[in-house]
Structure formats: structure tokens, C-alpha cells
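Engineer: Listed in order, the protein sequences are those of chains A and B.
Terminal number for the first sequence in numbering that gives the first Met the number 0: 181, no gaps in between.
Terminal number for the second sequence in numbering that gives the first Met the number 0: 94, no gaps in between.
Just so you know, the hints here were simulated from the structure itself, not pulled from any lab data.
Please read all numbers here as calculations on a predicted model, not as lab measurements.
All C-beta atoms, glycine included, are put in the ideal place defined by N, C-alpha and C.
Wrong hints could be hidden among the right ones.
[Said to hold, decoys possible] Listed next, with one range per pair, are the computed distances between beta-carbon atoms: (1) B:Pro18 / A:Ala116: 22 to 30 angstroms; (2) B:Ala51 / A:Ala116: 16 to 24 angstroms; (3) A:Phe45 / B:Arg75: 37 to 45 angstroms; (4) B:Ala78 / A:Trp50: 35 to 43 angstroms; (5) A:Lys125 / B:Ala58: 29 to 37 angstroms; (6) B:Asn17 / A:Pro22: 25 to 33 angstroms; (7) A:Ala83 / B:Arg23: 21 to 29 angstroms; (8) A:Trp50 / B:Arg23: 14 to 22 angstroms; (9) B:Asp47 / A:Glu85: 36 to 44 angstroms; (10) A:Leu10 / B:Glu77: 38 to 46 angstroms.
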Amino acid sequence: MPPVRSDARWLAEFRSQYAAWWPEAHPLIAQHQYGPAFKTYPWPTFREAPWTPLGKPVAQSALAVVTTGGLYRPGVDLPFDGDALEGDWGFRALPREVDLTGLAIAHPHFAHEAAEADMNTIFPLKRLGELEAAGLIGRLAPTHYSTMGYVTRAADLAAETAPTIAARMKAEGVEVALVIPV
Amino acid sequence: MQREIEAWGISTISLSNNPAATERVNPPRWARVRFPRGSMLGEPGNRDKQLAVLRDTFAALETIREPGGHVELSYRWEAPPVMWRGKLLTEGSYS
Numbered sequence: 000m001p002p003v004r005s006d007a008r009w010l011a012e013f014r015s016q017y018a019a020w021w022p023e024a025h026p027l028i029a030q031h032q033y034g035p036a037f038k039t040y041p042w043p044t045f046r047e048a049p050w051t052p053l054g055k056p057v058a059q060s061a062l063a064v065v066t067t068g069g070l071y072r073p074g075v076d077l078p079f080d081g082d083a084l085e086g087d088w089g090f091r092a093l094p095r096e097v098d099l100t101g102l103a104i105a106h107p108h109f110a111h112e113a114a115e116a117d118m119n120t121i122f123p124l125k126r127l128g129e130l131e132a133a134g135l136i137g138r139l140a141p142t143h144y145s146t147m148g149y150v151t152r153a154a155d156l157a158a159e160t161a162p163t164i165a166a167r168m169k170a171e172g173v174e175v176a177l178v179i180p181v
Numbered sequence: 000m001q002r003e004i005e006a007w008g009i010s011t012i013s014l015s016n017n018p019a020a021t022e023r024v025n026p027p028r029w030a031r032v033r034f035p036r037g038s039m040l041g042e043p044g045n046r047d048k049q050l051a052v053l054r055d056t057f058a059a060l061e062t063i064r065e066p067g068g069h070v071e072l073s074y075r076w077e078a079p080p081v082m083w084r085g086k087l088l089t090e091g092s093y094s
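Take the sequences, apply the hints, and build the full model.
Structural biologist: Next comes the structure, spelled out in C-alpha cells:
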């Protein structure tokens, strides 16, 4: 089945506006002056939303979760490049059996205390497993995902990372996805 | 991210503590939470609240019928504010 692709018409205009924004934003971001830098950022804005009707109740559906918390498995995955001024638009695939207490955070743009105390606050895999056991979720997919939420290059995230994750979900029979921007 | 996954034929919902940013992106479905940035499901260790947020979010996934629709979850942040870049993030604050 060919995938349904979302509206890509915005990408070219965004990239053009981004190229104009970056030379002025770059020195501000290098000095961590995010407020002034992002005042002129060409935020992608959409009037319409894509739509896939829910085919069956969540209690009968296969579910995957995506967090933008910058999570990775030390010693297995490379950390995200948290210092990159334009962010890191890659992703890490995390198996459902992953030990949440063994995950690390490579995302310097939010306070880590809550997540370090309990990773379920940004990646609730343990809680989702409990809901699966209780019959409230059909099944958890074998693979879940983390990105690193600080990415200025929105077009690359949308055109490269998101379709790669979506295709992997489809290959695992995922029917519903929970997205947790951190 | 969410828009692209939905476009591939997967029904999606997200959590948001930053409604202005979320409305700009216009994802298919979202649930607003009033927790400070960095803790999208409430206080660490609060298993009951985390489960309640997830249950309500999945209920919204089943009940939202219009693209871009959202629900407001009423759970509050019941812990001290979070310090971030010299500011205190209280419930519902993003930056």
C-alpha cells in the first residue's frame, strides 16, 4: 500500500525563509539568546490537519509512543547532539522491553529533574504496559521512539525523520500513536 | 511529527502544555495538560495521575471527531515549581 504523504508544499517556502532567518539567528542562539532569536523564526503554521479516522477502539489497537525528550540507551545508541545550534533531527528506536531507569537524556533544553526521577513523566512506557495488561490498550508495539525536541530545521524533521518513524510504525502494524512533546 | 504519522494512516494524539505552539502546528488531536515543561504526565512517581492522564488521552482519541480537535485535562501540578533558566515554571507554564 503506498503511503499517504502529508502536505509537502510548505517545505520549499520554509527552507527559503529559514535560509534568510539563520544568519541573523545563529549568533543569538550561540549566546543562548533564544527569545530574540526565535522572535523572527518562520514557524510552520497549518490551517488544516491530516486525519486518519480511528479504525477500532484503543483497547483493540496496536500503539506506539514518540517522545521528544532526547532519550537514548547509553552504550547502545549514540546520544543526540544536544549542543548543535540547529538541533539534532535524528531519532532513536527504543524496544518496548527497554529499562526506563537505564535511559539517558541528551536534550539540554528542558529541566531534567522530573524525568530523571521517573522517566514515565515524558516516556510512559511502564504505565502503557500496565494499561495493556489491564486490557485498555490492544497491544504495545515492539518499538517506540525518541527524538530531541530542539530542532530548528523543521523541514528536515518533517521530510526525513517523521516519515522514517511512520514507515517503521506501519511495518510493525501500529494503528494508534501517542506523541509527547517535552 | 504527529501530522506526518497521521498522514501515513495511523491515528494520533499528542499532549500539550503549550497551546499557542500546538495550535500553530494544528495536529490532528491533542490533549492539553497543565504541567510545567519537562513533565508531561504530572509529578514523578505519581502513578495514579500518570495512568489517569493516559486513560483520558485515549478516551479523547476515541471521541475527537474533527481534525485539530482537543480536550482540556483538568489535572493540576501538585509539586513545587520547576526551576528552568532562572525562572520558576508553575503549572501550565512552558518557559
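Engineer: Evaluate each hint against the coordinates.
Structural biologist: Verification of the supplied hints:
| no. | hint | result |
| --- | --- | --- |
| 1 | B:Pro18 / A:Ala116: 22 to 30 angstroms | holds, 26 angstroms |
| 2 | B:Ala51 / A:Ala116: 16 to 24 angstroms | holds, 19 angstroms |
| 3 | A:Phe45 / B:Arg75: 37 to 45 angstroms | violated, 30 angstroms |
| 4 | B:Ala78 / A:Trp50: 35 to 43 angstroms | holds, 36 angstroms |
| 5 | A:Lys125 / B:Ala58: 29 to 37 angstroms | violated, 20 angstroms |
| 6 | B:Asn17 / A:Pro22: 25 to 33 angstroms | holds, 27 angstroms |
| 7 | A:Ala83 / B:Arg23: 21 to 29 angstroms | holds, 23 angstroms |
| 8 | A:Trp50 / B:Arg23: 14 to 22 angstroms | holds, 18 angstroms |
| 9 | B:Asp47 / A:Glu85: 36 to 44 angstroms | holds, 40 angstroms |
| 10 | A:Leu10 / B:Glu77: 38 to 46 angstroms | holds, 42 angstroms |
The earlier numbered hints that this structure contradicts are 3 and 5.
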